[in-house]
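*Asks:* Order-wise, the sequence lines are chains W and V. 1 is the number of the first residue of the first sequence in my numbering; add one for each residue after it. 1001 is the number of the first residue of the second sequence in my numbering; add one for each residue after it.
Check each hint, because a few of them may be wrong.
[Said to hold, decoys possible] Covered by chain W, per the in silico footprint, the following chain V stretches (three or more residues, Cβ under 8 Å):
| # | stretch |
| --- | --- |
| 1 | 1110-1123 |
| 2 | 1133-1140 |
| 3 | 1192-1202 |
| 4 | 1239-1253 |
Treat the hints as calculated values from the structure; they're not laboratory data. Here a beta-carbon is modelled for each residue, glycine too, at the ideal position from N, C-alpha and C.
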Amino acid sequence: MATIYEARTMQDPEPNPGDTPYFEATADGRLLIKRCNSCGEVHFYPRAVCPYCQSADTQWVESGGRGEIYSFSITRKAGPIPYAIAFVTLDEGVAMMTNIVDCDLDTIRIGQRVRVVFKPTEGGYVMPCFAPE
Amino acid sequence: MSIRDKACIAGVYEHPTRKAPDKSVAQIHAEAARGALADAGLSLADVDSYFCAGDAPGLGPLSMVEYMGLNVRHMDSTDTGGSSYIIHVSHAAQAIAAGKCDVALITLGGRTRSEGVSGAKVRNWGPNMPDVPYETPYGPLTLNQYAMVAMRHMHEFGTTSEQLAWIKVAASHHAQHNPDAMLKNVVTVEDVLNAPMVADPLHKLDCCVVSDGGGAIVVTRPEIAGSLNRPVVKVRGAGEAHKGLNAGRVDMTTSGAAWSGASAFAEAGVKPADIKYASIYDSFTITVLVQLEDLGFCNKGEGGRFVADGGLISGSGHLPFNTDGGGLCNNHPANRGGVTKVIEAVRQLRGEAHQMVQVPNCDLALAQGTGGSLATRHGSATLILERG
Ligand SMILES: [Zn+2]
């Protein structure tokens, strides 16, 4: 059995104020996370106010875009085509929701090493997804 | 201040409908309210406080108090998804203990089945949500979020699809005796495993039903409950918790039940082994397994062995659960199962469950709920109830 990845129509992210740098970076092929200049902790999803210390001095930093799959599920029946939703733990230490792409979805495993790739949404935004290394 | 022994559940009602395209949501709420008040032997005029959550139309209490003709001095619209109504019992007990009200009415109602709303569709909770830009494009469904919890649990602890299937099997053994249940056929482990895979590793039969329906609960002070011609069910302890993604330090295999359960057991002064019957929120089979572990009915990672081989079947298993058939087989009104969890626990404590599933000498019961998404962010509520 094989379930080869097919491009899925992704909904737009509908960014809130403050999210713009993240999506400008993804359009440029870069993945950003947030680090707090006050306490030094990184966090995801990105916030304007640090969830560890309440500092407003949070900074966008570029992720190396590599990590490993924390968990995943292949949605078989609910969408028009199968797709793999996942959480990937970045090497920087934070996990993010994503899709696993560009592979046979039936071969995806927890702990698998992955690297970021970028896929467009229906309205022209770009979302970070991950493919096996 | 503790709420232990400060309040009682005097009335409950589960709306018998499972498909109600011709009823309004407000009507379902009002019919459930009428049923619960009749069960208690109280009237509309006795109600002085009202509790509802996100399934109530409009501005919640403002819409429903007016529709139902209530006159209240206390309102609460805490919304923690499907666990809301378990939290409402706790909040009602707190309000009663604080002297803010005497008779609290909690209602739920919805037409999720008629409206085609299910966990297999992307939910839209409105604008300004901070997580949406980083999640919604990836197609998160209630279904695949809970599936990721199951996948991780299998990875960490060796839990199997067969073990998860036993949870559905147990629910179906109970549902066969419930004439209102949506799924009345007893199923086997093989039936669950042979059902289509909807989101790995969850099969179609690992999921709850989608039903229209509703329910209501009446909470009152012990003096009033004792004056009514109904068995007394006392609120002995309660806890609530929030669990999220922890800013990226994700741990999917522990739910908020670890904290809401600990709070409830501490307040009640009892331990898991004392519980004779447990209503455990069953949006999916994995939901039950994780909550059982977090409540302390077994150790973390041992849930699979705990539920296997009929462990949850009333009469033969070590912990009878969801004897109405639960959300897995009976009813999941408004995609929110908290109210029916409380209702079946009350039936058990009164000795009013179906005779084929009634737990003998049921003097202590637990109702546990989660709401939202187990994988990302959810509320958890634990309620410990005692026969008066
Ligand atoms: Zn900080």
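*Asks:* Please verify the coverage claim for the stretch 1133-1140 of chain V: does it have three or more residues whose C-beta sits within 8 Å of some C-beta in chain W?
*Replies:* holds (count 8)
*Asks:* Verify the coverage statement for the stretch 1239-1253 of chain V against chain W, using a C-beta to C-beta distance below 8 Å and requiring 3 or more qualifying residues.
*Replies:* holds (count 6)
*Asks:* Quick check: do three or more residues in the stretch 1110-1123 of chain V have a beta carbon closer than 8 Å to a beta carbon of chain W?
*Replies:* holds (count 3)
*Asks:* For the stretch 1192-1202 of chain V, do three or more residues have a beta carbon lying closer than 8 Å to a beta carbon of chain W?
*Replies:* holds (count 7)
Of the numbered hints listed earlier, not one is contradicted by the structure.
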